[in-house]
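What follows is each chain in one-letter form.
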Amino acid sequence: MADLIATPGQTIGPFYGYALPYEGDNELVPPGRADAIRLHGQVLDGAGAPVPDALLELWQVDADGNVVQQPGSLKRDGWTFTGWGRTSTDDAGHYTFSTLRPGATAPGKAPFFLVTVFGRGVLNRLFTRAYLPEDADALAADPLLTSLPAERRDSCIAAADAHGYRFDIRLQGEAETVFLTYPRH
Amino acid sequence: MTTQPISTDPDSASASQEQVDGEIAAIAEDYRASGVEETQPRLDYPPYRSSLLRHPTKSLHHADPETIELWAPCFGHRDVHPLEADLTIQHGGEPLGERMKLVGRIVDGDGRPVRNQLVEIWQANAGGRYVHKRDQHPAPIDPNFTGVGRCLTDDDGNYAFTTIKPGPYPWKNHRNAWRPAHIHFSLFGTDFTQRMITQMYFPGDPLFALDPIFQSITDPKARERLVAQYDHSVTTHEWATGYRWDIVLTGSHRTPLETETDED
Ligand SMILES: [Fe+2]
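The listed protein sequences correspond, in order, to chains B and W. Numbering-wise, the UniProt record's numbering puts 92 at position 92 of the first sequence, and it's gapless, one number per residue. Numbering-wise, the UniProt record's numbering puts 53 at position 53 of the second sequence, and it's gapless, one number per residue.
Next up, chain B with everything else stripped away, as it sits in the complex (with noise of 0.2 Å):
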């Protein structure tokens, strides 16, 4: 089959405001329920700055390590998990979702979070993983987290608090994230 050249992305620009976000779009459950979880954090610049107008998205298998492929993200009915969600960052560059620990996909896999990052001034997405930081020995043996330098790993891996994980995305600078990018890119 044919090997397209893909379309160039550009910015998401500062005027998605009114656009892209839409209520319920970071509860991927109710925030009330038993099994809900925060994750949430702040996005950096490279001067350590917050960065205000950021958009991120959330993509996630559900707490039994399954895809989902359930409609509904757009208008949530408060009981189907899509694995999707989107939110902006706030005027001090933090996000927070409610949703669910995401399960390991197979035994001895290590959970985590796609977050996907949208903003000015960044010229194109950035995809990254959020790992779960319990299963240590599954740590050990990702394939990805592996691949990193060592003093680089630690970006992608969340950190657990009182209601779930903390997850910080620093854009640029000493302690910048891991940003990924996939064959076929």
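It is worth saying that the hints were derived from the structure and are not from the lab. Take these hints with a grain of salt, some might be off.
Derived contacts from chain W toward chain B, CB cut-off under 8 Å, selection only [said to hold, decoys possible]:
{"no.": "1", "residue": "R42"}
{"no.": "2", "residue": "T67"}
{"no.": "3", "residue": "I68"}
{"no.": "4", "residue": "W71"}
{"no.": "5", "residue": "P73"}
{"no.": "6", "residue": "E120"}
{"no.": "7", "residue": "S186"}
{"no.": "8", "residue": "I217"}
{"no.": "9", "residue": "V248"}
{"no.": "10", "residue": "H253"}
Note that this is a predicted model, so its numbers are computed, not measured. For every residue, glycine included, the Cβ atom is placed at its ideal position computed from N, Cα and C.
Since the structure of chain B is provided, determine the placement of chain W with the ligand on it from the hints.
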């Protein structure tokens, strides 16, 4: 080319268009001399001041897609109403400006149509003004135009919107900077690795050469891929002009076995 340090304040508007043109030309010259084809924008593109502190300095890390990366979220008629594809009927009256149909087909890197997938667009009105509190330039807001639309592609990957041709607008990247008219597109494929956001432009825009966001795609052939074509077969008698813009996402990683229905 630059004689003074570049300000990292993206809204300083300190440089002149001539200075930015010089920076753009120097990068274009380096690109031509390199002989290596680029097909996507550079993340590190200093003429676009907002990118200075927001581009990764380390190269992107190669990952083999697994599980969630091999699938995209699923959207359906529960998510998107068919009328959301018409941006001209969202208020009590007709919006000002050139009414236009915008159609196109979305395929993946193998040429397979991206079926029943979400397309989101947003844009300025005919006067170049967004309905966004951060857009403060003194062009009129059109009470009959919000500039936001959604649709799902059909079984052959086609999308269609009815909208108003957006106007160019000023921004503060440098002194007297103007963006070429564009429509923002948000696109999903069949794999999450195909997720992208981009901007569609109009043919022959005199601002192309002056715009650091458009020029961050250093390859002229790649830039052309963001320019729609006027298509008279898309127009409607006494109603709307017509443009066509086809989109190619990156290659899928799922084998045909994993894909429910494949092309014949
Ligand atoms: Fe724009």
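Practice prompt. Please write out, lowest number first, the hints stated earlier that are contradicted by the structure.
Written response: none
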